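In numbering that gives the first Met the number 0, the protein residues as written are 0 to 156.
Honestly, I wouldn't trust all of these hints.
[What the hints assert, rightly or not] Pairs of lysine to any residue residues, derived as SDA-like cross-links and limited to a Cα-Cα distance of at most 25 Å, are as follows:
1) Lys86 x Ile41
2) Lys86 x Glu60
3) Lys47 x Val141
[Unchecked claim] Okay, the calculated beta carbon distance ranges per label pair:
4) Ser87 x Tyr136: 32 to 42 Å
5) His66 x Ala135: 13 to 23 Å
6) Ser78 x Leu140: 10 to 20 Å
7) Ser22 x Val128: 26 to 36 Å
In case anyone wonders, no lab produced these hints; they're calculated from the structure. In this text the structure is predicted, and so the values were computed from the model without any measurement. Note that beta-carbon positions come from the ideal geometry of N, C-alpha and C, so glycine has one too.
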Amino acid sequence: MPVHVLSGPFSLLVVDAISPLISTPRGNKYILAFVDYFTRWIEAYAVKSLDTITFVDTMIEGVISRHGVPERLLSDRGSNFISNLAKSFYETLGIKKLFGSAYHPQTQGLMERFNGTCYTDWDVYLPRVLIAYRTAYHEALVDTPFFSLYGRDPVLP
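Assemble the whole structure, with the sequences as input and the hints as a guide.
Laid out in structure tokens, this is it:
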């Protein structure tokens, strides 16, 4: 992937769907994961569907409401990311849409560290997995995503 000029945290966001997973008792089958390319901060959400409405709602409620609108969004060419509704969403918010290659996860290589084995209740444990990932040292950052985003170490139990 070419080197992108980054203006700061959440200027370039990478999104990917992690699937297929075992359906949980709550009906969740997928994870929508968003990685900030600047800090490597990850937001991940258990979802029942990968349709465009779920993607847009999750991005608004989970990412934009916390971190603001990204300048650019990188994804594969999954139908949920390229539909007319998705295009209208990007245009309305002024998000420049970038595409990686479908079925080439190395294009969104930041996701590879996050993807792993999931069990029956993976959606229950997802917040714990996120804190572990966010507070783990990343060689590319020479620090943790938490410190890169907040400028301080987390207070952990």
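Does the structure break any of the earlier hints, and which numbers would those be?
3, 6, 7
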